[in-house]
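J.: Sequence:
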Amino acid sequence: MDPNFWDKPEEFVPERFENNQVDFKGQDFQFIPFGSGRRGCPGMTFAVFQVEYVIANLLYWFDWKLPYENNGMPKNLDMTETAGLVTRLKNPLVAVPIPIN
Numbered sequence: 001m002d003p004n005f006w007d008k009p010e011e012f013v014p015e016r017f018e019n020n021q022v023d024f025k026g027q028d029f030q031f032i033p034f035g036s037g038r039r040g041c042p043g044m045t046f047a048v049f050q051v052e053y054v055i056a057n058l059l060y061w062f063d064w065k066l067p068y069e070n071n072g073m074p075k076n077l078d079m080t081e082t083a084g085l086v087t088r089l090k091n092p093l094v095a096v097p098i099p100i101n
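So the sequence shown is numbered by our numbering: it starts at 1 and just counts up by one.
No lab work stands behind these hints, which were simulated from the structure alone.
Take these hints with a grain of salt, some might be off.
Using 20 Å as the maximum straight-line C-alpha spacing, the simulated EDC-like pairs for lysine to aspartate or glutamate come out as follows [claimed, not checked]:
1. 65 to 78
2. 75 to 63
3. 90 to 78
4. 8 to 18
Beta-carbon label-pair distances, calculated as ranges [claimed, not checked]:
5. 79 to 36: 53 to 63 Å
6. 72 to 7: 53 to 63 Å
7. 6 to 96: 43 to 53 Å
8. 98 to 76: 15 to 25 Å
9. 83 to 37: 18 to 28 Å
10. 52 to 86: 11 to 21 Å
11. 97 to 8: 23 to 33 Å
Keep in mind the model is a prediction, meaning the values are calculated, not measured.
Where a beta carbon is used, it is the ideal one built from N, C-alpha and C, also for glycine.
Let the sequences and hints guide you as you build the complete structure.
T.: What follows is the structure, encoded as structure tokens:
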């Protein structure tokens with residue numbers, strides 16, 4: 001960290017981020033630790049393979065159903081999207097895993 005911007009940059013002081021006005025989920029990129037190209041994350045390829053492996057196992061070992069409401073009908077699936085750096089669902093996707101025997 002740059003001492004021109006941070007007090008005690010070489011010390012672990014997580015409290016420095018407590019009252020920060022930066023939106024971590026939005027368009028502020030001050031805290032992204034890696035860039036792209038030569039300065040890209042060295043574990044990115046490994047992480048992508050790991051995520052694919054985990055998702056493949058979840059799909060292999062579970063059937064997925066929509067949650068039910070009190071009247072016994074499945075809840076409506078809201079696929080409304082929000083715009084930003086990436087497009088994402090406005091409301092989280094909720095599914096019930098049912099183990100396959």
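J.: State for each hint whether it applies.
T.: Verification of the supplied hints:
1. 65 to 78: holds (15 Å)
2. 75 to 63: Holds, at roughly 17 Å.
3. 90 to 78: Between residue 90 and residue 78 the Cα gap is close to 8 Å, so the pair holds against 20 Å.
4. 8 to 18: Holds. Residue 8 to residue 18 sits at ~16 Å (cutoff 20 Å).
5. 79 to 36: 53 to 63 Å: The hinted range 53 to 63 Å is violated for residue 79 and residue 36, with Cβ atoms some 30 Å apart.
6. 72 to 7: 53 to 63 Å: holds (58 Å)
7. 6 to 96: 43 to 53 Å: holds (45 Å)
8. 98 to 76: 15 to 25 Å: holds (20 Å)
9. 83 to 37: 18 to 28 Å: This hint holds: roughly 27 Å between Cβ atoms.
10. 52 to 86: 11 to 21 Å: For residue 52 and residue 86 the Cβ distance comes to about 18 Å; the hint holds.
11. 97 to 8: 23 to 33 Å: violated (45 Å)
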